[in-house]
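4 protein chains.
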Amino acid sequence: MAKSKFEYVRDFETDDTCLPNCWIVVRLDGRNFHRFAEQHEFKKPNDDRALHLMTKCAQTVMQELEDIAIAYGQSDEYSFVFKKKSKWFKRRASKFMTHVVSQFASSYVFYWKDYFKDQQLLYPPGFDGRIVLYPSNQNLKDYLSWRQADCHINNLYNTVFWMLVQRSGLTPVQAQDRLQGTLAGDKNEILFSEFNINYNNEPLMYRKGTVLIWQKVNEVMTKKIKLPKESEEKEVEVTRTRTKVVPLHCDIIGEQFWEEYPEILAEDS
Amino acid sequence: MAKSKFEYVRDFETDDTCLPNCWIVVRLDGRNFHRFAEQHEFKKPNDDRALHLMTKCAQTVMQELEDIAIAYGQSDEYSFVFKKKSKWFKRRASKFMTHVVSQFASSYVFYWKDYFKDQQLLYPPGFDGRIVLYPSNQNLKDYLSWRQADCHINNLYNTVFWMLVQRSGLTPVQAQDRLQGTLAGDKNEILFSEFNINYNNEPLMYRKGTVLIWQKVNEVMTKKIKLPKESEEKEVEVTRTRTKVVPLHCDIIGEQFWEEYPEILAEDS
Amino acid sequence: MAKSKFEYVRDFETDDTCLPNCWIVVRLDGRNFHRFAEQHEFKKPNDDRALHLMTKCAQTVMQELEDIAIAYGQSDEYSFVFKKKSKWFKRRASKFMTHVVSQFASSYVFYWKDYFKDQQLLYPPGFDGRIVLYPSNQNLKDYLSWRQADCHINNLYNTVFWMLVQRSGLTPVQAQDRLQGTLAGDKNEILFSEFNINYNNEPLMYRKGTVLIWQKVNEVMTKKIKLPKESEEKEVEVTRTRTKVVPLHCDIIGEQFWEEYPEILAEDS
Amino acid sequence: MAKSKFEYVRDFETDDTCLPNCWIVVRLDGRNFHRFAEQHEFKKPNDDRALHLMTKCAQTVMQELEDIAIAYGQSDEYSFVFKKKSKWFKRRASKFMTHVVSQFASSYVFYWKDYFKDQQLLYPPGFDGRIVLYPSNQNLKDYLSWRQADCHINNLYNTVFWMLVQRSGLTPVQAQDRLQGTLAGDKNEILFSEFNINYNNEPLMYRKGTVLIWQKVNEVMTKKIKLPKESEEKEVEVTRTRTKVVPLHCDIIGEQFWEEYPEILAEDS
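Chains as they are written, first to last, in numbering that gives the first Met the number 0: chain E, 0 to 268; chain A, 0 to 268; chain X, 0 to 268; chain R, 0 to 268.
If you are wondering where the hints come from, they were derived from the structure by calculation, not from laboratory data. You may find that some hints are simply not true.
If several chains are the same, the list does not tell them apart, and a pair holds so long as it fits within one copy or across any two.
As the list claims (entries may be wrong) - Derived DSSO-like pairs (lysine-lysine); straight-line CA-CA distance at most 27 Å:
| no. | residue 1 | residue 2 |
| --- | --- | --- |
| 1 | K84 | K4 |
| 2 | K84 | K94 |
| 3 | K82 | K4 |
| 4 | K55 | K94 |
| 5 | K2 | K84 |
| 6 | K84 | K112 |
| 7 | K112 | K186 |
| 8 | K82 | K2 |
| 9 | K2 | K86 |
| 10 | K4 | K207 |
| 11 | K84 | K222 |
| 12 | K215 | K2 |
| 13 | K207 | K42 |
Generate coordinates for the entire structure from the input sequences, incorporating the hints supplied.
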């Protein structure tokens, strides 16, 4: 069984190295999540359990893999941004993509019960992923803005749509017809006049999605110690600084966010 | 929030269509499975629970995704072969890779308890994947032969290595030294003379790995029916033909396998 | 002037290796040759000087570069087929493309005067090129058939079009209108009934384009020798076998051509 | 002859679009120019005719093709830099490469006689090309610095080498041995002490290579006009502003060049 005789097949692998000095974005999407949401009775238009589970998985991805500077998620998608200078796995595109989606997928099942309690997971879900390179900081910011603008547009639509269905008793088709051709202002008006809802008071997580960044966090722990000359153990408070993945639900389209967290785009980050 | 202003970022996505008329192979590997195996107390050199779980996940991948003609697995890796003519997701490489690894990873956690019983899963595992194209049937067969030859070489080594450690009490370093420079014949001889083991009698699953193919299966079911003029229900046997993913542990290097299952490589498959 | 400080820029070069075991086709096209043809007073619909010059350049490309098995040309385009097993320049796509077009372009100017005599070359022409891989012999034959079918369709159209313009005195727009929506049969009929031309008697080079293949050729040379015992030089005939690039104007869509020259597609060619 | 039956082969063409917002560099090299130089009796270490012809060809490339912001050449190579925002041919890599090398190659033969006078061109030369993307201005400047540093290093070596051969009568092997392991300072010293040559007084074109940029040029032309009320024609001077490709032989490694010509890197250029 001469393995060497067959090893020529390795030459068919192609090099998929990402261009250096570009931001590497991997975006993951749930596969057939419309159906998945129905079968698992997700609340409409937003299910907190599902959103928090997505974020838990994304945090796991950031902690387990290398060089992710920021992530952004909404609905059943999450984007992970690897640093411009990352040399993780020699910048091979397939490594980035498959590590992200496999870690996310296994985490989704692993942490499911922490968020969905007695709602049983019926089958293992699938996800897909793609990779895109952005040469400049502006390109990257525009990418993230694109996803957040998409979150806003979809969430405003879904909020009105489900109000019409759940509260006004319209059928989905009727609700769709009603919203056909309406602008953002029209939708805000329907929410306010018909349902007494000020869209701007809706939860930030729904309207802005979730941004994950690395933050230094001071953790205060109580620790039992026994001093040499004392007979009893004593509790003391210990402060430790750790770098953690922290979720934010804020605007990332304007400049303010980037001014507040300049380290995200810093060249040597 | 003009989404359209940012949408230019979509132009940065590149086309990763696979060349038509080639076999598309996605190979998945466990990430840090050496450590994972230790922490979950896998039996050495082969853990039946782990191997069967891998195969269960691979079966799920074949059933959930489209156009997989054959799969081959050993240890912590699995290769999936998509048909030459597949047009699934327009043959986009990223779709193939990420669907395979995410479905596999979520299935691994989902089905874990069916195979590992009271052995708790400690954390969500990761997998990576790569994609390779093979233009000719011979290239594809040589690829699969390469993986099966690799299985054989590793398994023979591991079988002797763990015998030396487990039965003769050598340290891993001593066992490694003992095997340094030995040929296949030497290893067979050690197994036979020192441990009374005929390597050829070792389980086929360990020696050959696992081949997954589609097979027509006749399923006989008993069904209760009530005929019009009878008062009682009656049990009848119903035979149904289904296409299922079936595991085999056979040689795929020689021609016999391919002659027995010509449909796998059939042009119109 | 520390060169090494800047050498990191080499890492930005990407690997463009062609998949092994595929036919590599480079197709070259004249840039703005419509205008070029007018300015150099090419005869319409076919200019023998231009066609023969194209073929001379293609022959030069085949002789200068490695591993070209066959070439096919028509109008201002030429396709070069590199062998499946070629390892020329490690199968780098950029090398194949640029060597073909640069050798062709320099040859076009170099040999111009041999074909166009006192028609002066007014400016250096440009060409573009692309590369395509074909995994199977059938794919390759279909590619070449596609180009030859294109040659036929264009040449039939052009033959009628220019007859209507040159002989019937139609303006180009009138000729175009006349041919709008006509089928091949209609065009043959116009040629025959209005111009007494049987299209099938038109020169093969116009109707079929030019195929370039390698052929063993016996060359008979006369050589002057002086035998030891004779006082006079004597002329003798010497036969030498050489492999040359030979132009053919034959059908390559049917099987006959490939049966006659099996060595072109031979695996070990 | 159903062309449509074969047209599926077009699907085998792959998309080779260059990532947006990156500088696109095409570098061209002479093929076997060592041999070409010998056969055409190039002067050593630098042949002005050959260098000027290279630059004439590069100017033609810049004028004929779109969106080239700057070019740099030395010896038998030339690099062409396309603008970050260029959308020429949808940024297809093959189009950039093949247009550059084919236009260069045809120009080389076309303009040969203007530079080499009675030195006959013996055969059509070949060139190869490659394409590289640079995301940032700094990357691009470092690329050009890399080529200019290479020019300096080679030219210093060649200048000493050929002095040793031409003036001191060393064989090439002896000259090579003599220079083995010498640093720049050593080579300068040999030139000065043995040949009374101050390397810094050598022509800039040899030491710095050639930079091609676009410059607004005022051209003064004399034009004959005939005013209405006068009987005689009269000569007048007309000044016209044109944008031309201008050769420079200056340092491009330091910042001064880029400060002097900020428009080259300007975002909207």
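Now the hints, each set against the structure:
1. K84 / K4: between (39 Å within a copy, 17 Å between copies)
2. K84 / K94: both (16 Å within a copy, 26 Å between copies)
3. K82 / K4: between (40 Å within a copy, 22 Å between copies)
4. K55 / K94: Both: 22 Å inside a chain and 24 Å across chains, each within 27 Å.
5. K2 / K84: Cα proximity of K2 and K84: across copies only (22 Å, versus 38 Å in one copy).
6. K84 / K112: Neither: 37 Å inside a copy, 40 Å across copies.
7. K112 / K186: neither (36 Å within a copy, 48 Å between copies)
8. K82 / K2: So K82 and K2 pass the 27 Å test across copies only (25 Å; inside, 39 Å).
9. K2 / K86: Close across copies (23 Å), not inside one copy (31 Å); limit 27 Å.
10. K4 / K207: Between. Shortest inter-copy distance 18 Å satisfies the 27 Å Cα cut-off; intra-copy 56 Å does not.
11. K84 / K222: neither (39 Å within a copy, 59 Å between copies)
12. K215 / K2: Neither way: K215 and K2 sit 51 Å apart in one copy and 33 Å across, limit 27 Å.
13. K207 / K42: Result: close within a single copy only, 18 Å intra versus 48 Å inter.
Hint violations for this structure: numbers 6, 7, 11 and 12, all remaining hints satisfied.
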